[in-house]
Amino acid sequence: MSKREFMLGNVAISRGIIEGGCQVITGYPGTPSSEIIDTLATMKKRDFYVEWSVNEKVAFEVAAGAAIAGARSVVTMKHVGLNVASDPLMTLSYMGIKGAMIVISADDPSCHSSQNEQDTRKYAQFALMPCFDPSNPQEAKDMIPYAFKLSNMFQTAVIFRPTTRISHGKSDVELGEVNEHRPQVKFEKIPERWIMVPSHARVRHPYVLQVYEDIRKELESSPWNHLELKKDSKIGVISSGVASVYVKEAMKRIGIDASFLKICTYPVPEDKITSILRQADTLLVIEELEPVVEDEVRIIAQKHGIITKILGKSEGFVLRHGELNVDICMNALSKAFGVPPITPEIYEINFELPSRPPVLCPGCSHRAAFYVMKKVFGDEGIYPSDIGCYTLGIQSGAVDTTLCMGASITISSGIYHAGEKHPICCSIGDSTFFHTGVNGLLNAIYNKADITVTIMDNRITAMTGHQPNPGMGRTAVGEATVAVSIADICRALGAEFVEEVNPYDLKSTEEVFRRAKNHKGTSVVITRQPCVIDLRRSGVRKPAFSIDQDNCTGCKACVKFGCPATEFDNELKRAKINNMCTGCGVCAQICKFGAIVEVKK
Amino acid sequence: MSYSGISLFDLVIAGVGGQGTILASDIIGKAAVKEGLKVMAAETHGMAQRGGSVVNHLRIGCEFGSLIPLRSADALMALEPSEALRYIEYLSEDGIIFMNTEPVLPVTVTSGISSYPDINYIIDHLKQRFNVKAFNAVELAREAGHIQAMNTVMIGAISKYLPLSKEVLLDCVKLSVPQKTVDINVKAFELGWLQT
Numbered sequence: 029m030s031k032r033e034f035m036l037g038n039v040a041i042s043r044g045i046i047e048g049g050c051q052v053i054t055g056y057p058g059t060p061s062s063e064i065i066d067t068l069a070t071m072k073k074r075d076f077y078v079e080w081s082v083n084e085k086v087a088f089e090v091a092a093g094a095a096i097a098g099a100r101s102v103v104t105m106k107h108v109g110l111n112v113a114s115d116p117l118m119t120l121s122y123m124g125i126k127g128a129m130i131v132i133s134a135d136d137p138s139c140h141s142s143q144n145e146q147d148t149r150k151y152a153q154f155a156l157m158p159c160f161d162p163s164n165p166q167e168a169k170d171m172i173p174y175a176f177k178l179s180n181m182f183q184t185a186v187i188f189r190p191t192t193r194i195s196h197g198k199s200d201v202e203l204g205e206v207n208e209h210r211p212q213v214k215f216e217k218i219p220e221r222w223i224m225v226p227s228h229a230r231v232r233h234p235y236v237l238q239v240y241e242d243i244r245k246e247l248e249s250s251p252w253n254h255l256e257l258k259k260d261s262k263i264g265v266i267s268s269g270v271a272s273v274y275v276k277e278a279m280k281r282i283g284i285d286a287s288f289l290k291i292c293t294y295p296v297p298e299d300k301i302t303s304i305l306r307q308a309d310t311l312l313v314i315e316e317l318e319p320v321v322e323d324e325v326r327i328i329a330q331k332h333g334i335i336t337k338i339l340g341k342s343e344g345f346v347l348r349h350g351e352l353n354v355d356i357c358m359n360a361l362s363k364a365f366g367v368p369p370i371t372p373e374i375y376e377i378n379f380e381l382p383s384r385p386p387v388l389c390p391g392c393s394h395r396a397a398f399y400v401m402k403k404v405f406g407d408e409g410i411y412p413s414d415i416g417c418y419t420l421g422i423q424s425g426a427v428d429t430t431l432c433m434g435a436s437i438t439i440s441s442g443i444y445h446a447g448e449k450h451p452i453c454c455s456i457g458d459s460t461f462f463h464t465g466v467n468g469l470l471n472a473i474y475n476k477a478d479i480t481v482t483i484m485d486n487r488i489t490a491m492t493g494h495q496p497n498p499g500m501g502r503t504a505v506g507e508a509t510v511a512v513s514i515a516d517i518c519r520a521l522g523a524e525f526v527e528e529v530n531p532y533d534l535k536s537t538e539e540v541f542r543r544a545k546n547h548k549g550t551s552v553v554i555t556r557q558p559c560v561i562d563l564r565r566s567g568v569r570k571p572a573f574s575i576d577q578d579n580c581t582g583c584k585a586c587v588k589f590g591c592p593a594t595e596f597d598n599e600l601k602r603a604k605i606n607n608m609c610t611g612c613g614v615c616a617q618i619c620k621f622g623a624i625v626e627v628k629k
Numbered sequence: 035m036s037y038s039g040i041s042l043f044d045l046v047i048a049g050v051g052g053q054g055t056i057l058a059s060d061i062i063g064k065a066a067v068k069e070g071l072k073v074m075a076a077e078t079h080g081m082a083q084r085g086g087s088v089v090n091h092l093r094i095g096c097e098f099g100s101l102i103p104l105r106s107a108d109a110l111m112a113l114e115p116s117e118a119l120r121y122i123e124y125l126s127e128d129g130i131i132f133m134n135t136e137p138v139l140p141v142t143v144t145s146g147i148s149s150y151p152d153i154n155y156i157i158d159h160l161k162q163r164f165n166v167k168a169f170n171a172v173e174l175a176r177e178a179g180h181i182q183a184m185n186t187v188m189i190g191a192i193s194k195y196l197p198l199s200k201e202v203l204l205d206c207v208k209l210s211v212p213q214k215t216v217d218i219n220v221k222a223f224e225l226g227w228l229q230t
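In order, the protein sequences belong to chains A and B. Letter by letter, the first sequence follows residues 29 to 629 in this note's numbering. Letter by letter, the second sequence follows residues 35 to 230 in this note's numbering.
Next up, chain A with everything else stripped away, as it sits in the complex:
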């Protein structure tokens, strides 16, 4: 009996991992990839090993180790995580694996939750690894067991690249059989395979180049590429991944009859591309982000001496940035083939809408830490920051840079060593500190950077959906483990000033920051307070606060603090606290008139 379920794309991918009989899954959280491991780790029964690793390089290597020993493994991350894991990626390509390994790197066209929109398919080309680019959640699930087989057949890791619209799309998914067979795990000592010294690497490189061509032939006839040749039409369209479904709909809406090639695997299917090139006089390539398919199509056309006119990003029909949709595809098709466009009349709204940027939650301790930091280091202070919820400290005026995971401390060091005279105080979260902050701090201390490093320890990896990290004493599957002390790590790295403080206590926090600022050398302030969302979920409720209207002078000091729980009543000219209050009590300390008081039960 068939079973259909309404599933999130990432849940469908985790189902594919189970159906494929995976034995080891590792990863580091990152939107839009996090729910894959979240789903696998919270299953009541499981016959595989799953971990949240401390960063993507580490996760990649753990999964590679498992695959070298003969297991089927998966590593998950967001696209920028693959940069962190690119060192092992580029050499695992030569080394290959024995069992099977899938590298899931989720792309985020349009930067919905990311600092860039790099295209993982470029990494796949660079690393000489095959890549899967699903067009919907069903395909994403079905591709995983296939990818395990391909990986094992060619003894290479394969890349799987969902985008935000796949990972965070939802659809009805038909479940498949679970592969109950498990390959035997036994590490075999094969020096020429597992030891990449120059003499072995030189041999493996030409071998891998040959295998890449063999993989191209194998994927040519895979079910993920589909060619519809229209004998009566001299126009053709090639599209890939999620863009292919937008293009299909766009073609139907504007009534274009063209040959169509859908590509969801790389290296691209050369024979199918040659066929559509021979059929069409004009060919439009529509793909999201980089012109990966487009460039290949041009190379293939030249190689075979085909003079079909090829249109794509280089002619400006499709942009190289931003995610695609049906409207963009309709425009590109109508421009390329001279078909009248469907331009919907846009309904103008003649008043301005208030912007609604994401903000730190009501009662978030980061806001309190930023408030004090700003008070001590002033407007002239320089505030490099990092990747996490606290990036939202932009609102508090205490975030000046955000580059990549762990870069707060290192950017601060660079600004300091360049000769900047103003004080530097950076912020980094607990999980990001474990990820790549440790190296940066070690470097700062060793090279005597006179900066203050604030580690905002909210006891969880919050932004990506509350995953555990090494500071919490609990693994991905909820088992108890060592709770690593951030303060002890900092001291072991050589820090001479390490202080922990509760950021809800503004007075003590200010006193600690003042001493940290005066300390010569690298000082570390750990602001420690559990994430308000996580605390609430664990059942902790604190009494809320309210404003005593008689004492409130309407000075707006509490409102300026920026907590969503405080509002200003323009008619009464008084502040008020709404039902979002979590009872942190910080605004009560900010009020000079004692007008904010705890609500008595």
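Derived by calculation from the structure, the hints in this document are not laboratory data. Be aware that a few hints might be false.
Claimed, not checked - Calculated lysine-lysine pairs in the DSS-like style (CA-CA distance at most 25 Å, straight line): (1) A:Lys31 <-> B:Lys214; (2) A:Lys280 <-> B:Lys167; (3) B:Lys72 <-> A:Lys31; (4) B:Lys208 <-> A:Lys72; (5) A:Lys31 <-> B:Lys208; (6) A:Lys72 <-> B:Lys72.
Stated by the list, open to error - Sample of chain A residues facing chain B (criterion: CB under 10 Å; computed from the structure): (7) Leu347; (8) Gly350; (9) Glu351; (10) Leu388; (11) Cys591.
Each residue gets a CB set at the ideal place from its N, CA and C atoms; glycine is no exception.
Starting from the known structure of chain A, fit chain B onto it as the hints suggest.
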């Protein structure tokens, strides 16, 4: 109107992070799958959830992509009034708006940087062009037992316009909400149903 041969019913659900837009689209999507229909949906996760503007696309009886083209949605379900305006460009000429009239003020408004448009003005403005069903879903949810059931009020309100049976939708509500809130949510659904 959703284009024939592409989708049976295209719905845009707009709101603010934390209002339960994902649960609302999940309940409707599950019901559609139960009815044997294909469903494609797109959700906002991650950064935008922290009190930011959130939009979900839900396409019932659709095998293409999850993103609804401009001016194609059959209905816009707005869990927050200003968010109805933000995503109005997706609604088709003859589309219907289901709107909760209780606003969630963004920090940009509470801190005095920008102002919030008058609710009645928003409704009047939209009524000039569209069929608008506006009601205070938060009040109705409170009446049902808890303000968090506001999203269920909205599902109840839109239910008779969806190509889905009321019974299947109600079953999915019961299966999707926390066990101890089932009665509240059933009542919330019925109160919403009475609004349209």
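Here's how the hints hold up against the structure:
Pair hint lysine 31 of chain A plus lysine 214 of chain B does not hold up; C-alpha atoms about 28 Å apart against a cutoff of 25 Å. Distance restraint check for lysine 280 of chain A and lysine 167 of chain B: the Cα-Cα separation of roughly 32 Å exceeds the 25 Å cut-off, and the hinted pair is therefore not satisfied. Restraint check for lysine 72 of chain B and lysine 31 of chain A: satisfied, since their Cα atoms lie roughly 13 Å apart, inside the 25 Å limit. As the CA atoms of lysine 208 of chain B and lysine 72 of chain A are separated by approximately 23 Å, the hinted pair is consistent with the 25 Å bound.
Distance restraint check for lysine 31 of chain A and lysine 208 of chain B: the Cα-Cα separation of roughly 21 Å lies within the 25 Å cut-off, and the hinted pair is therefore satisfied. Among the hinted pairs, lysine 72 of chain A with lysine 72 of chain B is inconsistent with the structure: their alpha-carbon atoms are about 29 Å apart, more than 25 Å. Hint on leucine 347 of chain A is violated. Least Cβ distance to chain B is approximately 16 Å, over the 10 Å limit. Because the smallest distance between the Cβ of glycine 350 of chain A and any Cβ of chain B comes to about 13 Å, over 10 Å, the interface hint for this residue is violated.
Evaluation of the glutamate 351 of chain A hint against chain B yields a held restraint, the C-beta minimum of about 9 Å falling below 10 Å. Because the beta carbon of leucine 388 of chain A sits about 7 Å from the nearest beta carbon in chain B, less than 10 Å, this interface hint is met. Checking cysteine 591 of chain A against chain B: minimum C-beta separation of about 8 Å stays under 10 Å; hint holds.
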